[in-house]
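**Q** Sequence:
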Amino acid sequence: MGNNNFPLLRAMDIKKHFGEGQNRVDVLQGLSFQLFEGEKIAVIGASGVGKSTLLHILGTLDIPDSGKVYFKNQDIFKMDEKTLATFRNKHIGFVFQFHYLLPEFDPLENIMIPELMAGTPRNLAKEKALVLLEKVGLSRHIGQRVSTLSGGERQRVAVARALIRGPQLLLADEPTGNLDTKTSARIHELLVDLNEKEKISMVVATHNLELAALMDKVYRLKDGILIKTEVSLY
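Heads up: the sequence shown begins at 117 in our numbering, then just goes up one per residue.
A few of these clues could be false.
Said to hold, decoys possible - Pair ranges (Cβ atoms, derived):
hint	residue 1	residue 2	range
1	240	199	39 to 45 Å
2	221	139	37 to 43 Å
3	301	134	30 to 36 Å
These are computed hints drawn from the structure, not numbers from a lab. Fair warning: this is a prediction, and the values are worked out from it, not measured in the lab. Cβ coordinates follow ideal geometry from the N, Cα and C atoms, glycine included.
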């Protein structure tokens, strides 16, 4: 577990709705929580309760109707769009249920993309990508199109891509949702290892109770707010 003195991330009274009139759905209803440096948190809950919406707001991919999100005491939604994009690219890594890799490229090229978008010289981006490819156990797949990889291998590429900019925060949305039990266990092990060795803070939205049980804290998202809970696998 990380530093308990000052939160890395604070969400305060976050509200978000979709639709209007009779079709209005209030997904987040004054949600608040905090994440400390080096801490890993799971968010569980039924489908459609707003887990993805919450992660998108924390990752600045979506904007709340009201409320504030602070990253190291900086109000991130006060940034202009360009500054926000730079902040997101530098500080936040995303892993989604659908890995969104470019199938015609090999793992190394996919991992390099965020660095290249940030203007990093290609040779330096490649060096960093090679280290990460080794870290996720896929060095032997250099030169192989990601379309030929297994689901678990593709997700490991996606994790490496999320890490290449050295983010302090990793947001994972159902990272093992499409994987079998054995492959899921490998991704769980990888995420925990990254948290323990690299001290990367993470928020993981998941239906997988085995993954949730590995986190420092577990929250259930229900009726638009987070409720701290315990996970029992038995």
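**Q** Does each hint hold? Answer for all of them.
**A** Cross-check of the supplied hints:
| no. | hint | result |
| --- | --- | --- |
| 1 | 240 x 199: 39 to 45 Å | violated (24 Å) |
| 2 | 221 x 139: 37 to 43 Å | holds (40 Å) |
| 3 | 301 x 134: 30 to 36 Å | holds (34 Å) |
Hint compliance for this structure: hint 1 alone is broken.
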